[in-house]
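J.: Take a look at the letters that make up each chain.
Protein chains: 2
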Amino acid sequence: MSELRWNAHLGEWTMTSSGRMERTYHPPADFCPLCPTAPGAFETEIPEPDFDLVVFENRFPSLFDPPLEPVVAGTELSPVKPSHGRCEVVVYTPEHEGSLGALSLERLFRLALVWQDRYRELGALDFIDYVLIFENRGREVGVTLDHPHGQIYAFPFVPPIPARELEVAAAYRARTGSCLTCALLAEELAAGNRVVLENEHFVVYIPFAARYPYETMVVPRTCRPSLAEMGEDELWSLAAALKATTLAYDALFDLPLPYMMIFHQAPTDGRSWPNAHFHVEFHPLQRSADKLKYRASVESGAGNFINDSLPEEKAEEMRAAVCRAAG
Amino acid sequence: MSELRWNAHLGEWTMTSSGRMERTYHPPADFCPLCPTAPGAFETEIPEPDFDLVVFENRFPSLFDPPLEPVVAGTELSPVKPSHGRCEVVVYTPEHEGSLGALSLERLFRLALVWQDRYRELGALDFIDYVLIFENRGREVGVTLDHPHGQIYAFPFVPPIPARELEVAAAYRARTGSCLTCALLAEELAAGNRVVLENEHFVVYIPFAARYPYETMVVPRTCRPSLAEMGEDELWSLAAALKATTLAYDALFDLPLPYMMIFHQAPTDGRSWPNAHFHVEFHPLQRSADKLKYRASVESGAGNFINDSLPEEKAEEMRAAVCRAAG
Numbered sequence: 001m002s003e004l005r006w007n008a009h010l011g012e013w014t015m016t017s018s019g020r021m022e023r024t025y026h027p028p029a030d031f032c033p034l035c036p037t038a039p040g041a042f043e044t045e046i047p048e049p050d051f052d053l054v055v056f057e058n059r060f061p062s063l064f065d066p067p068l069e070p071v072v073a074g075t076e077l078s079p080v081k082p083s084h085g086r087c088e089v090v091v092y093t094p095e096h097e098g099s100l101g102a103l104s105l106e107r108l109f110r111l112a113l114v115w116q117d118r119y120r121e122l123g124a125l126d127f128i129d130y131v132l133i134f135e136n137r138g139r140e141v142g143v144t145l146d147h148p149h150g151q152i153y154a155f156p157f158v159p160p161i162p163a164r165e166l167e168v169a170a171a172y173r174a175r176t177g178s179c180l181t182c183a184l185l186a187e188e189l190a191a192g193n194r195v196v197l198e199n200e201h202f203v204v205y206i207p208f209a210a211r212y213p214y215e216t217m218v219v220p221r222t223c224r225p226s227l228a229e230m231g232e233d234e235l236w237s238l239a240a241a242l243k244a245t246t247l248a249y250d251a252l253f254d255l256p257l258p259y260m261m262i263f264h265q266a267p268t269d270g271r272s273w274p275n276a277h278f279h280v281e282f283h284p285l286q287r288s289a290d291k292l293k294y295r296a297s298v299e300s301g302a303g304n305f306i307n308d309s310l311p312e313e314k315a316e317e318m319r320a321a322v323c324r325a326a327g
Numbered sequence: 001m002s003e004l005r006w007n008a009h010l011g012e013w014t015m016t017s018s019g020r021m022e023r024t025y026h027p028p029a030d031f032c033p034l035c036p037t038a039p040g041a042f043e044t045e046i047p048e049p050d051f052d053l054v055v056f057e058n059r060f061p062s063l064f065d066p067p068l069e070p071v072v073a074g075t076e077l078s079p080v081k082p083s084h085g086r087c088e089v090v091v092y093t094p095e096h097e098g099s100l101g102a103l104s105l106e107r108l109f110r111l112a113l114v115w116q117d118r119y120r121e122l123g124a125l126d127f128i129d130y131v132l133i134f135e136n137r138g139r140e141v142g143v144t145l146d147h148p149h150g151q152i153y154a155f156p157f158v159p160p161i162p163a164r165e166l167e168v169a170a171a172y173r174a175r176t177g178s179c180l181t182c183a184l185l186a187e188e189l190a191a192g193n194r195v196v197l198e199n200e201h202f203v204v205y206i207p208f209a210a211r212y213p214y215e216t217m218v219v220p221r222t223c224r225p226s227l228a229e230m231g232e233d234e235l236w237s238l239a240a241a242l243k244a245t246t247l248a249y250d251a252l253f254d255l256p257l258p259y260m261m262i263f264h265q266a267p268t269d270g271r272s273w274p275n276a277h278f279h280v281e282f283h284p285l286q287r288s289a290d291k292l293k294y295r296a297s298v299e300s301g302a303g304n305f306i307n308d309s310l311p312e313e314k315a316e317e318m319r320a321a322v323c324r325a326a327g
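Here the protein sequences line up with chains A and B, keeping their order. Numbering of the first sequence is given in my numbering, commencing with residue 1 and proceeding in unit increments. Numbering of the second sequence is given in my numbering, commencing with residue 1 and proceeding in unit increments.
Do not take every clue at face value.
No distinction is drawn between identical chains; accordingly, a pair holds when it is met within one copy or between any pair of copies.
Stated by the list, open to error - Result set (SDA-like, lysine to any residue): computed pairs, CA atoms no more than 25 Å apart in a straight line:
1) 81 with 222
2) 81 with 11
3) 291 with 313
4) 81 with 32
5) 291 with 223
6) 291 with 105
7) 291 with 190
8) 81 with 291
9) 81 with 18
Bear in mind the hints are in silico, worked out from the structure with no lab data behind them.
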């Protein structure tokens, strides 16, 4: 069962998808479905004995193609529609142990090419309005498979958070004629004290109003709506920025830091999105070595975040961690 | 240090508040700061040897009155302002063990009077635009004190989630002339299969597009903007509805169910809010006896929830739990 139900109270879709309750839950390492299939052993999701990078459709998706028929009848006020979309799994490496940051830069560059390809191909489908590339990392985030991997959700609508960002950016453009993300990046570069690292094409910083103590934004210096417009040199820079950032996260407390990594880019609904400026957001859960930031009633019920730290101090910690991670 | 920083990217305030990092973290039961102070023992937050219900200012607030001076200078694009507001703690009972549902109905009614009083008194302050009454329950939600208690945040702005609800309700009113919450309540009562319980003045149901498997809405039948407009009979009904709902939550899996309980009501910014219809939302984290619903990248980065269950089936479970809890 899978369908989209309209939350009339908030004006957003909920993906109701009961099949997912059965999804694989912390299997032992020798039954990892994301490892290559060893000769004579149990067949994983990847029937080959080896691979470089693999993308396949999630066996426990929230969005379906072809879509399933909804099980309830909606109303005018509370409509329901088929959950027509795609959910893909991106396996970063055949090695069971590892992480995004531990991949070689060459492999991370090839992964960036895969992301670019998936954005283009899924975005070109006429029923796909938004391609969300992301990685959930760590059991604290809810991850049920430890093998290094990310995911892609291709939605039949523009989700509310990217929609909100684009709306705010459009209002800023109307007022000033400029790109909001470019303006914020210029401010961060001018202030400097929240910048974590820079390379040729990308800047990583902790935003002025960070919601999580170690939240970072990974932003291209040039205003690119999406991965689709990036050349290979930019993808190399992106790969290097992601590698340095995630290695720094693990160096912070000398533990694999639980995080969410989220790509925001232009919707693929066929409209023009002059205010989209590609960026990657990291939402790490840690607020110290042994404490997590919880999103409790204030965050979930009011929508405002409480950050128990100064972004300027956390950026200093992150810069030190970047250096330690680089040896 | 405490200040409000403007997240220009999303158009919302972050409460940056570094003093909270030092807050009391899972003290042993005999050092509970929310217990009454026993003669000769360490002094808790409540210097009396006994009490009925107590409200006091949070020692580790996110909002201050008088406000602190911001530590950073903002910019036109990323302004900062003093975090002028109030954070209060509401202790439900002098007993260290217990829960909202385990309170006697009489005590819960008096608690409803306390909430009404705090809404009125905090809302009347000229710098308070929104009074958020809530309870975080359970360590999985991030609670650091086990003693039964709730909290109140009195904000100097209308937070984005209530603002969004009111905006959606205003658009509905403009289109139809009616209250959205009334219309949704009428639909739920007509459908019946997601209704969990009803009493004279309140209805509890799992919303059609529930974000959490066991999410409930507690809604007054009469369109009341806030607690301030409710008579004593309505507060008795509210108390009874909250008691039955929270006892049912604990009966579901025979464990103290972690949840967030959030009151949404009319802002107190002096404007007229004809579309506010008081309601309480419960966001429980459990998706089964031993599994939690995580708000990972799709929820945090896109804003849409994945609900791995059918609200109609969960409402049936809840109705059975209501009966079990009532003995």
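J.: Hints broken by the structure, by number, lowest first?
T.: Numbers 1, 4, 5, 6, 7, 8 - these are the hints that the structure violates, sorted from lowest upward.
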